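Protein sequences appear in the order of chains L and Z.
The working numbering applies: residue 1 is where the first sequence begins, and numbers increase by one.
The working numbering applies: residue 234 is where the second sequence begins, and numbers increase by one.
These are computed hints drawn from the structure, not numbers from a lab.
These numbers come from a predicted model, not from an experiment.
Note that beta-carbon positions come from the ideal geometry of N, C-alpha and C, so glycine has one too.
Where hints are given, some of them may not hold.
Anything over 10 Å on all C-beta distances counts as not near chain Z; from chain L, calculated [to be verified]: (1) 3; (2) 13; (3) 19; (4) 32; (5) 41; (6) 49; (7) 97; (8) 104; (9) 106; (10) 108; (11) 129; (12) 132; (13) 157; (14) 191; (15) 208.
Distance ranges between label pairs, derived from CB positions [what the hints assert, rightly or not]: (16) L:15 x Z:498: 25 to 33 Å; (17) L:26 x Z:712: 30 to 38 Å; (18) Z:548 x L:120: 47 to 55 Å; (19) L:160 x Z:404: 23 to 31 Å; (20) L:79 x Z:548: 20 to 28 Å; (21) L:17 x Z:662: 52 to 60 Å.
Some, not all, of what chain Z presents toward chain L, calculated at C-beta under 10 Å [stated by the list, open to error]: (22) 291; (23) 295; (24) 345; (25) 415; (26) 730.
As a plain string of letters, each chain reads:
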Amino acid sequence: MIRTFKILRFNLEKDKKPHFQNYQTECPPGYTVLDVLYDIKGLQDGTLSYRRSCRSGVCGSCGMKINGVNLLACKTQVESLKKKVIHVEPLPGFPVMRDLIVDLTPFWEKLENIKPYLINHTPPPTTERYQSAEDQLKIEEATWCILCNCCTSSCPSLWANKEYLGPAALLKAYRFVFDSRDEGAEERYKVLNTKSGLWRCHTIFNCMDACPQEINITEYISKLKTRVVSERY
Amino acid sequence: MTHIHDVVIIGAGLAGMRAALEASKVADVAVITKLYPSRSHSGAAQGGIAATLKNVDSDDCIEFHMFDTVKGSDYLGDQDAIENLCNEAPEVIYETEHMGVPYSRTPEGKIAQRKFGGHSLHHGKVAANRACYAADYTGHVLLHTFFEQCIKQRVRFYSEFQAVGLIVVDNRCLGIVAWDIQKGGLHVFHAKATMFATGGYGRVFKITSNAHASTGDGLALCLRAGLPLEDMEFVQFHPTGLYKQGILLSEGARGEGAYLLNGLNERFMERYAPTLMELAPRDMVSRSIQTEILEGRGAGPKKDHVWLDIRHIGEKRIAAVIPQIRSLCLNFGGVDPIKQPIPIQTTAHYSMGGIPVTCDGRVIYDEKNSLVEGLYAAGECACVSVHGANRLGTNSLLDATANGRRTGRTIANDIGKLKLNALPENPMEDTQERIGRVAGSTGREKVIHIRHDLRDSMEENCGVFRSGERLQKQKQILKDLLERYRQIKIDDQSKVFNTDIMEALELGYMLEFSELIVEGALRRTESRGAHSRTDFPKRDDVNWLNHTLAWRDASGQIRFGSKPVVIKNYQPMERKY
Numbered sequence: 001m002i003r004t005f006k007i008l009r010f011n012l013e014k015d016k017k018p019h020f021q022n023y024q025t026e027c028p029p030g031y032t033v034l035d036v037l038y039d040i041k042g043l044q045d046g047t048l049s050y051r052r053s054c055r056s057g058v059c060g061s062c063g064m065k066i067n068g069v070n071l072l073a074c075k076t077q078v079e080s081l082k083k084k085v086i087h088v089e090p091l092p093g094f095p096v097m098r099d100l101i102v103d104l105t106p107f108w109e110k111l112e113n114i115k116p117y118l119i120n121h122t123p124p125p126t127t128e129r130y131q132s133a134e135d136q137l138k139i140e141e142a143t144w145c146i147l148c149n150c151c152t153s154s155c156p157s158l159w160a161n162k163e164y165l166g167p168a169a170l171l172k173a174y175r176f177v178f179d180s181r182d183e184g185a186e187e188r189y190k191v192l193n194t195k196s197g198l199w200r201c202h203t204i205f206n207c208m209d210a211c212p213q214e215i216n217i218t219e220y221i222s223k224l225k226t227r228v229v230s231e232r233y
Numbered sequence: 234m235t236h237i238h239d240v241v242i243i244g245a246g247l248a249g250m251r252a253a254l255e256a257s258k259v260a261d262v263a264v265i266t267k268l269y270p271s272r273s274h275s276g277a278a279q280g281g282i283a284a285t286l287k288n289v290d291s292d293d294c295i296e297f298h299m300f301d302t303v304k305g306s307d308y309l310g311d312q313d314a315i316e317n318l319c320n321e322a323p324e325v326i327y328e329t330e331h332m333g334v335p336y337s338r339t340p341e342g343k344i345a346q347r348k349f350g351g352h353s354l355h356h357g358k359v360a361a362n363r364a365c366y367a368a369d370y371t372g373h374v375l376l377h378t379f380f381e382q383c384i385k386q387r388v389r390f391y392s393e394f395q396a397v398g399l400i401v402v403d404n405r406c407l408g409i410v411a412w413d414i415q416k417g418g419l420h421v422f423h424a425k426a427t428m429f430a431t432g433g434y435g436r437v438f439k440i441t442s443n444a445h446a447s448t449g450d451g452l453a454l455c456l457r458a459g460l461p462l463e464d465m466e467f468v469q470f471h472p473t474g475l476y477k478q479g480i481l482l483s484e485g486a487r488g489e490g491a492y493l494l495n496g497l498n499e500r501f502m503e504r505y506a507p508t509l510m511e512l513a514p515r516d517m518v519s520r521s522i523q524t525e526i527l528e529g530r531g532a533g534p535k536k537d538h539v540w541l542d543i544r545h546i547g548e549k550r551i552a553a554v555i556p557q558i559r560s561l562c563l564n565f566g567g568v569d570p571i572k573q574p575i576p577i578q579t580t581a582h583y584s585m586g587g588i589p590v591t592c593d594g595r596v597i598y599d600e601k602n603s604l605v606e607g608l609y610a611a612g613e614c615a616c617v618s619v620h621g622a623n624r625l626g627t628n629s630l631l632d633a634t635a636n637g638r639r640t641g642r643t644i645a646n647d648i649g650k651l652k653l654n655a656l657p658e659n660p661m662e663d664t665q666e667r668i669g670r671v672a673g674s675t676g677r678e679k680v681i682h683i684r685h686d687l688r689d690s691m692e693e694n695c696g697v698f699r700s701g702e703r704l705q706k707q708k709q710i711l712k713d714l715l716e717r718y719r720q721i722k723i724d725d726q727s728k729v730f731n732t733d734i735m736e737a738l739e740l741g742y743m744l745e746f747s748e749l750i751v752e753g754a755l756r757r758t759e760s761r762g763a764h765s766r767t768d769f770p771k772r773d774d775v776n777w778l779n780h781t782l783a784w785r786d787a788s789g790q791i792r793f794g795s796k797p798v799v800i801k802n803y804q805p806m807e808r809k810y
């Protein structure tokens with residue numbers, strides 16, 4: 001069936017502020033929002049810009065706001081939206097570079113701040129470091145994060161304070177602090193246990209609703225809070 | 234703008250980042266990627282990475298892995314490169330674990346391993362548990378771990394820069410030209426050493442597991458710089474792509490015991506590979522699926538697909554070891570595989586061919602293995618050749634990681650001897666002219682139409698089964714498409730995020746190297762591995778036990794040469810499973 005897509009457009013070389021542009025397009029069964037953007041760009045308007053790559057929900061490129069909710073365009077069936085008019089906007093909370101593309105620089109900087117890598121000062125054995133299946137399970141789901149930032153940009157605490165680390169960076173911190181092989185917790189607490197750190201999470205749960213990987217982000221952040229409290233206070 | 238680095242690596246998937254981790258120990262390294270590193274397509278790999286760790290099968294050994302890889306390659310793999318790959322595999326995997334890869338674990342806490350197609354114990358007797366895995370997110374966690382290590386080691390990334398030109402003068406590589414996607418504008422990256430790790434080109438086919446970004450950019454840039462490509466006719470079609478979408482459903486499912494069923498509910502692999510059944514190598518399974526469909530035993534109203542059935546594995550085990558498969562089926566196919574079989578079809582997946590390199594990752598430019606000084610390649614874009622005519626599952630993550638590391642070490646060794654040779658007077662001239670021509674295109678043809686005609690026709694005429702007649706037809710279609718490409722229309726004239734121009738450039742790349750795939754397939758009058766000719770159904774070792782080299786000159790003329798296969802311990806034998 002034919003649907004109307006209202007897409008928020010912005011080109012800093014031409015526009016003073018963003019504006020919605022309407023496109024009508026045929027959406028056969030099984031069509032995703034990414035399929036629609038692809039068709040509009042190819043057939044109607046080559047100037048429409050958006051990020052995409054894997055189209056199977058694992059690369060994290062195509063996070064955007066669709067009818068008010070942060071979603072991956074590739075993973076969103078048009079039929080599931082149950083509306084004739086569909087609004088598509090860039091992820092909120094980040095500066096817009098063009099159309100549906102936001103500047104993720106602030107996120108990448110925060111990610112670096114939490115030291116997002118295994119820290120282990122003990123020389124490794126000649127084989128693998130052993131880890132129990134139980135310990136691996138503590139971090140497994142958290143390692144499925146695709147850094148799409150649907151969560152970060154859905155967080156009211158981040159909207160209120162742009163310095164806040166945000167859920168995706170905190171989830172990455174959890175993934176290492178709770179990894180039985182990691183020895184870097186103390187170093188990370190210095191970043192987590194600050195004004196713009198862990199305590200800005202007010203357990204609003206938006207991040208969990210937004211996560212296309214269905215990761216229990218808020219729960220992991222809460223565990224991180226408990227750990228910091230028990231070790232630091 | 235000109236940037237100077239010791240090393241510039243194009244591509245931030247497993248091969249590019251693994252090489253960067255080695256080379257950056259001694260040199261100043263820049264990695265250029267048209268995405269962000271965590272978006273690279275290595276992250277879509279699901280099932281596992283091969284290594285003889287013996288964590289499950291105590292009687293596995295490295296020699297079995299070598300034999301399986303050689304046999305899987307239909308004897309076109311170079312056995313020196315395969316020896317390196319299999320010998321290095323355990324150490325390479327342990328390193329990734331030390332870096333933090335969150336592998337699934339055995340009850341004792343070792344890296345978990347499972348079965349995968351074509352991997353066996355005792356030369357084909359029984360399937361081997363050799364694939365190390367992290368549920369079905371193995372590529373994803375490797376990619377993220379390498380990215381994390383690059384952050385730790387302060388590797389310089391130029392994200393959202395697209396390589397658009399390669400600077401080679403007198404067989405000496407001096408760097409590349411790249412387009413800044415975020416801001417617009419050309420940049421020269423002047424380097425002592427340049428490495429391609431740009432991945433595959435599945436996007437030339439209609440049904441593909443590959444990302445939109447998998448357009449073979451590095452291959453096209455080499456070709457335009459007058460360098461040859463190797464074995465381009467060998468394209469792997471993965472047996473289990475989600476019906477109509479082509480989205481990858483890991484072979485890990487069959488490693489966990491999944492069945493393939495035809496429209497009559499028969500486990501049809503019994504007819505084609507009675508010992509390994511569903512775990513036969515991919516080329517055989519894909520041909521078997523196509524044969525079932527062609528002979529009228531397909532499923533569904535159009536009888537155009539078959540079933541992958543994982544129901545008997547059980548909800549609990551599925552959630553533990555192949556959770557992504559279920560979510561992909563639910564989200565993209567509208568099927569819950571716990572309750573229903575999954576409709577699947579073959580999907581273009583992996584390019585065995587690519588930029589010809591030595592075992593150490595140095596790019597060569599002729600049949601005598603002469604070196605292009607300062608140019609390197611690894612991963613899917615390269616042809617070492619460890620995969621020959623057909624790659625085994627889990628050997629690609631291994632190839633990207635092991636040969637990424639190896640090539641990074643080669644660069645680290647070479648860098649002291651390499652000088653920063655002077656650039657030609659205007660190194661951007663050709664690229665500038667080409668981009669200007671594309672940007673100023675005001676013809677009638679839409680890029681999307683040519684792209685669809687390319688991938689539909691490649692699927693139709695150059696897919697799992699090929700014939701001289703079909704390939705001749707495709708050769709002409711490509712000529713027509715190249716002609717139409719001269720008449721394209723570009724809508725977008727902005728600088729910031731002009732993906733209109735970038736997509737048009739990528740289409741140009743794909744049209745050019747598709748000619749090598751088709752003409753290479755036409756020239757190779759035999760069936761070997763993934764290249765299957767209905768008019769030449771037998772392997773022909775007398776005439777074709779050699780690698781194809783192909784060049785394409787500026788006028789579009791293609792010239793072929795060949796290179797012997799390196800044979801050491803394993804003489805070609807008939808391939809049965």
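According to the definition I'm using, a residue is off the interface if its beta carbon is farther than 10 Å from all beta carbons of the partner; does residue 41 (chain L) meet that for chain Z?
It is violated; residue 41 (chain L) is separated from chain Z by about 8 Å at its closest Cβ, not greater than 10 Å.
Is the interface hint satisfied for residue 345 (chain Z)? The criterion is a beta-carbon contact with chain L at less than 10 Å.
OK, holds: residue 345 (chain Z) within 10 Å of chain L, min 8 Å.
Is the nearest CB of chain Z more than 10 Å from the CB of residue 208 (chain L)?
Since the minimum Cβ distance to chain Z is about 16 Å, residue 208 (chain L) lies beyond 10 Å and the statement holds.
Using Cβ atoms and 10 Å as the threshold, tell me whether residue 129 (chain L) really stays out of contact range of chain Z.
Label violated. Min Cβ-Cβ 6 Å, cutoff 10 Å.
For the hint 30 to 38 Å, verify it against the beta carbon of residue 26 (chain L) and that of residue 712 (chain Z).
holds, 32 Å
Is the nearest Cβ of chain Z still more than 10 Å from the Cβ of residue 19 (chain L)?
holds, 16 Å
Does residue 104 (chain L) clear chain Z by more than 10 Å, comparing its Cβ with all Cβ atoms of that chain?
Nearest chain Z Cβ is 8 Å from residue 104 (chain L), so the label is violated.
Mind verifying the non-interface call on residue 13 (chain L)? Its CB should be farther than 10 Å from each CB in chain Z.
violated, 5 Å
Exclusion check [residue 32 (chain L) not at the chain Z interface, CB over 10 Å]:
violated, 8 Å
Range hint 47 to 55 Å (beta carbons of residue 548 (chain Z) and residue 120 (chain L)) holds or violated
Because 36 Å falls outside the window, the suggested range is violated.
Reported absence of residue 191 (chain L) from the contact zone with chain Z (all CB gaps over 10 Å):
holds, 14 Å
A cut-off of 10 Å on Cβ-Cβ distance, and residue 157 (chain L) was said to be off the interface with chain Z. Does that hold?
holds, 24 Å
In summary, the structure is inconsistent with hints 2, 4, 5, 6, 7, 8, 10, 11, 12, 16, 18, 19, 21, 22 and 23 from the numbered list given earlier, while agreeing with the others.
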